[in-house]
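Protein chains: 2
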Amino acid sequence: MSTSIPKIVVLGAGYAGLTTAKRLTKQLTAEQAEIVLVNKHNYHYETTWLHEVAAGTINPNQARVMISDVVSPNRVRLVYDSVVKINKDEKRVVLENSEIEYDYLVVALGFESNDFGIKGMAEHAFAIEDIDSSRLISEHIEYQFAKYNNEENVSEESLNILVGGAGFTGIEFVGELAQKVPELCKKYDIDRSKVRIINVEAAPSILPMFDKELVDYAKKSLEDRGVELKIGAAISEATSEGFIVGDDKELIKAGTIVWTGGVKASSVLGESGFELVKGKVNVNSDLRPEGVEDMFVIGDCSWVWNKEADRPYPSTAQLAMQEADVVAANLKALITNQPVEEFVFSDKGTVASLGHSDGIGNVMSGYKLSGKSAAAMKKVVDNRSLFLLGGAKLVLKKGKFRPF
Amino acid sequence: MSTSIPKIVVLGAGYAGLTTAKRLTKQLTAEQAEIVLVNKHNYHYETTWLHEVAAGTINPNQARVMISDVVSPNRVRLVYDSVVKINKDEKRVVLENSEIEYDYLVVALGFESNDFGIKGMAEHAFAIEDIDSSRLISEHIEYQFAKYNNEENVSEESLNILVGGAGFTGIEFVGELAQKVPELCKKYDIDRSKVRIINVEAAPSILPMFDKELVDYAKKSLEDRGVELKIGAAISEATSEGFIVGDDKELIKAGTIVWTGGVKASSVLGESGFELVKGKVNVNSDLRPEGVEDMFVIGDCSWVWNKEADRPYPSTAQLAMQEADVVAANLKALITNQPVEEFVFSDKGTVASLGHSDGIGNVMSGYKLSGKSAAAMKKVVDNRSLFLLGGAKLVLKKGKFRPF
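Residue numbers (the UniProt record's numbering), protein chains in the order written: chain A, 1 to 404; chain B, 1 to 404.
A few of these clues could be false.
Just so you know, same-sequence chains aren't split out, so a pair can sit in one copy or run between any two.
Restricting the straight-line Cα-Cα distance to at most 20 Å, the calculated cross-link-like pairs of lysine-lysine (PhoX-like) are [claimed, not checked]:
1. K398 - K186
2. K119 - K212
3. K368 - K348
4. K398 - K379
To be clear, the hints were calculated from the coordinates, so they are not data collected in a lab.
For reference, chain A alone in the conformation it holds in the complex (with noise of 0.2 Å):
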């Protein structure tokens, strides 16, 4: 009997593949369909909330979430492991220590830096990308500090922390970064004009997705508070000492160099034989790639296209979720016979903090949000994926109830 119930695997628990999981639990009994869960960690981690964890401002420990806590074990196998690939002809699904066969498939591998082959990037830059990958950084920059009063020599630009890329992830962190330096030259008994915060873009503005009354916000309120931006300047490589940097080839010295300058879908679709369109793979508006019918991809790993506006939806939290409903639904809508649905996203907004006590953010169609409101906004979005995943059990234990 058991093996009729067909199987649904997803892989990945970021906010796409773990709302997925829950939803299905929610939309399917256990008669409908065997579920399974597969993830590298025993924890989800809110990827949006990295570049704290990567600036030290808040603990990793507060950005994760078991993931036995938001799905139920007894409903949902949980399988702790790396995917190898996926086998999309066989139905199966290769893992480090095991595999596994599929009824239909789930993939929500989300994102991975992707340095657009600039050289030296992946050897001398971190990144963005995970728990692990973040808080070595807040401890690579706290190292440097630790190190500053103990050596004869040391070089005043070890102090330094180069960010390449103004999107979301490089000014949020560097936001963090002109709250957590302070600290740390207080703790470390350094001056603060020992230290420098530059980031680095190629493109003619910071945060692309804002309009510019904000951006200019947004740098007014960086710059105030130290942060260096160095808009239009292209990096041509990176070295063990820094970026170099424009047209003249300036070396930007640093101790510490991030890049979040861009990402792609996880390398396990390209080593799976998935067609990629810049990094990522396109998907219709089922959430299917094109004449797939057992599999849905979806988060970071896709581009679903906003017709409206001509081009993909960019990738964020909020749109991996509202994904993840549509998946749930039409993984119900398949095993139960009935007609897929399509995705439309219903943009809640988008609030980009600076720090813990300013922000600026797009709101309610077009409303517009700066400073402590938009910190404040910050606070809620962030809650509102704790709740959405957990409900406001999750939210009283990893919320954020900041002062501000």
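Based on these hints, arrange chain B on the given structure of chain A.
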């Protein structure tokens, strides 16, 4: 008029120097003597707590006190500068940024790590010398943990912590590590079995100041918590990889190497032409070097002979603070033309911590303590040194009130 007031210059604001300055303000009026206290930093730190800073089990700021909170800047002129040289003949002290003349000098410049010329030790091993060097160790250890899950070919030994010397500092340090390492393993998702804490000692026993019963207790306590004790094993060389140990020249590898095996007086003394015996200055029972009238050398800079035992008193905070009492009294005697008094050490006992909830100690003429009561007593001892320096206010501010 003011030129006729004798000028007392105290070098160093450790236990010895800061207590001397504090006592002088009680013993002598502003009309009787000018008091100058010279120290590198604007803070005093609890040297006996540095093993906790180095292990990362206390906040470095708990282990330091602003000097101006202990002695009034209205009564004591505070000079924050490094001592370069003492010119005895000209009664002058050369500082990095100025010079200062004295009528009476108290040399309390503390200790430096003494590697007894072991090859490579100065280059490759950390030392627990001051706040800066101690928190560098805890940051270095944490950085090894942060890197572990992020690197492809990370060496298995990178998490190991290798400590040379099983005296007070070395053993108290590994005791703290036995407590800290499981916390770090939990934080960084690393199996405890991946981390070795290894203490290497050339002498036939750890903690030579305690008797066999207490030493056996300490060894069992540490070994039960996973500390490896390699006793009777001399270190012939320190390399970037670890220590070369014992007759068979075994290389023990570790990502963190700390040397706690010996101390000597501040190098300023040797560079100023003081005669050194085993790294320190011998002083008479009035705490002045033989034949010197205007200078006292105390704390970790000097040896005071214990006539009963026919060997010098071991250097401890307790000894330093008792010396300071006598120096202050003798300075008053010199200024008021009274005879100086002899220093007699009154042993209040010795307590060593083995982490925050275990320890061993001798207190009240031969009464032995071990376990939680020794750990509790250790906190009493730590708080007592705060009390002697800054009264109840300082105990409340910086005291140790951990539950145990």
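Structure-based check of each hint:
Taking the closest pair of Cα atoms, K398 and K186 come within 20 Å of each other only across two copies (18 Å); inside a single copy the shortest separation is 28 Å, beyond that limit. Taking identical chains as interchangeable, the C-alpha atoms of K119 and K212 are never at most 20 Å apart, the minima being 32 Å within one chain and 62 Å between chains. Taking the shortest Cα distances, K368 and K348 sit within 20 Å of each other inside one copy (12 Å), while across copies they are farther apart (68 Å). In this assembly of identical chains, the alpha carbons of K398 and K379 lie at most 20 Å apart only when taken from the same copy (12 Å versus 34 Å across copies).
Checked against the numbered hints above, the structure breaks only hint 2 and satisfies the rest.
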